[in-house]
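For chain E, the structure is supplied; the task is to place chain X on it using the hints.
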Amino acid sequence: GAGVSQSPRYKVAKRGQDVALRCDPISGHVSLFWYQQALGQGPEFLTYFQNEAQLDKSGLPSDRFFAERPEGSVSTLKIQRTQQEDSAVYLCASSPQQGAYEQYFGPGTRLTVT
Amino acid sequence: GNSVTQTEGPVTLSEEAFLTINCTYTATGYPSLFWYVQYPGEGLQLLLKATKADDKGSNKGFEATYRKETTSFHLEKGSVQVSDSAVYFCALLKTGANNLFFGTGTRLTVIP
Numbered sequence: 001g002a003g004v005s006q007s008p009r010y011k012v013a014k015r016g017q018d019v020a021l022r023c024d025p026i027s028g029h030v031s032l033f034w035y036q037q038a039l040g041q042g043p044e045f046l047t048y049f050q051n052e053a054q055l056d057k058s059g060l061p062s063d064r065f066f067a068e069r070p071e072g073s074v075s076t077l078k079i080q081r082t083q084q085e086d087s088a089v090y091l092c093a094s095s096p097q098q099g100a101y102e103q104y105f106g107p108g109t110r111l112t113v114t
Numbered sequence: 115g116n117s118v119t120q121t122e123g124p125v126t127l128s129e130e131a132f133l134t135i136n137c138t139y140t141a142t143g144y145p146s147l148f149w150y151v152q153y154p155g156e157g158l159q160l161l162l163k164a165t166k167a168d169d170k171g172s173n174k175g176f177e178a179t180y181r182k183e184t185t186s187f188h189l190e191k192g193s194v195q196v197s198d199s200a201v202y203f204c205a206l207l208k209t210g211a212n213n214l215f216f217g218t219g220t221r222l223t224v225i226p
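Protein chains in written order, with our numbering: chain E, 1 to 114; chain X, 115 to 226.
Extracted from the complex, chain E is given alone in its bound form (with noise of 0.2 Å):
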């Protein structure tokens, strides 16, 4: 079946530039996680939904950073003015159950802010 799916795959930004990265869970899927993940370094949490309702967002680096899951399934998360230090890799996985145990991961949205 298909897999967690993210769009796009790669994008460029200027310094200052809005984005939205978008993730397609695995369908019936319950659990949504966003993760960054710098270059050379392991993913690092930034926020968990269950169904449409966001229950941890203590990883969100500043309140440029907003994501949202509105009818519990697509997610999309959003960089305001974003700048250099923003450049990732951003993963986004789902899980069929409540909690963090069992998740598949997308490609990843490699972000580089020019």
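Hints were generated in silico from the structure; no laboratory data involved. Misleading hints may appear alongside valid ones.
Over 12 Å on every C-beta distance to chain E, these chain X residues come out as not near it, computed from the model [as the list claims (entries may be wrong)]:
no., residue
1, Ser128
2, Asn136
3, Glu156
4, Leu160
5, Glu177
6, Lys182
7, Ser186
8, Glu190
9, Gln195
10, Pro226
Pair ranges (Cβ atoms, derived) [to be verified]:
no., chain 1, residue 1, chain 2, residue 2, range
11, E, Gly16, X, Glu129, 40 to 50 Å
12, X, Thr223, E, Ala20, 27 to 37 Å
13, X, Thr223, E, Ala38, 37 to 47 Å
14, X, Thr126, E, Gly28, 37 to 47 Å
Please read all numbers here as calculations on a predicted model, not as lab measurements. Even glycine gets a Cβ: it sits at the ideal position worked out from N, Cα and C.
Quick look at chain X alone, frame taken from chain E:
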């Protein structure tokens, strides 16, 4: 706080060599432990996991044993193949937490 420390890469091995990638962790309580693999151009995939002390996770010839006394979860494979070339991430999940906590990854290259 939580931390995961794993073998710094890159690691280069010849085909059929024995592989060990070390992983040690710091966490309160009894976390679940995972190894994820990232093949070139693909997303992270779960390789194996263990949920309690002395559990052994295994998959595709890879093994790792959850050692509470040494807070370790080292990844091993007896005979690596070129197709095992990838980046390997050790990760932990604290009970009741909402997110995986990852190490920095170890890049493995297997040469014929």
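How the hints compare with the structure:
no.: 1; hint: Ser128; verdict: holds, 25 Å
no.: 2; hint: Asn136; verdict: holds, 15 Å
no.: 3; hint: Glu156; verdict: violated, 6 Å
no.: 4; hint: Leu160; verdict: violated, 7 Å
no.: 5; hint: Glu177; verdict: holds, 20 Å
no.: 6; hint: Lys182; verdict: holds, 19 Å
no.: 7; hint: Ser186; verdict: holds, 17 Å
no.: 8; hint: Glu190; verdict: holds, 20 Å
no.: 9; hint: Gln195; verdict: holds, 23 Å
no.: 10; hint: Pro226; verdict: holds, 26 Å
no.: 11; hint: E:Gly16 / X:Glu129: 40 to 50 Å; verdict: holds, 49 Å
no.: 12; hint: X:Thr223 / E:Ala20: 27 to 37 Å; verdict: holds, 36 Å
no.: 13; hint: X:Thr223 / E:Ala38: 37 to 47 Å; verdict: violated, 21 Å
no.: 14; hint: X:Thr126 / E:Gly28: 37 to 47 Å; verdict: holds, 41 Å
The structure fails to meet hints 3, 4, 13 from the earlier list, while all remaining hints are met.
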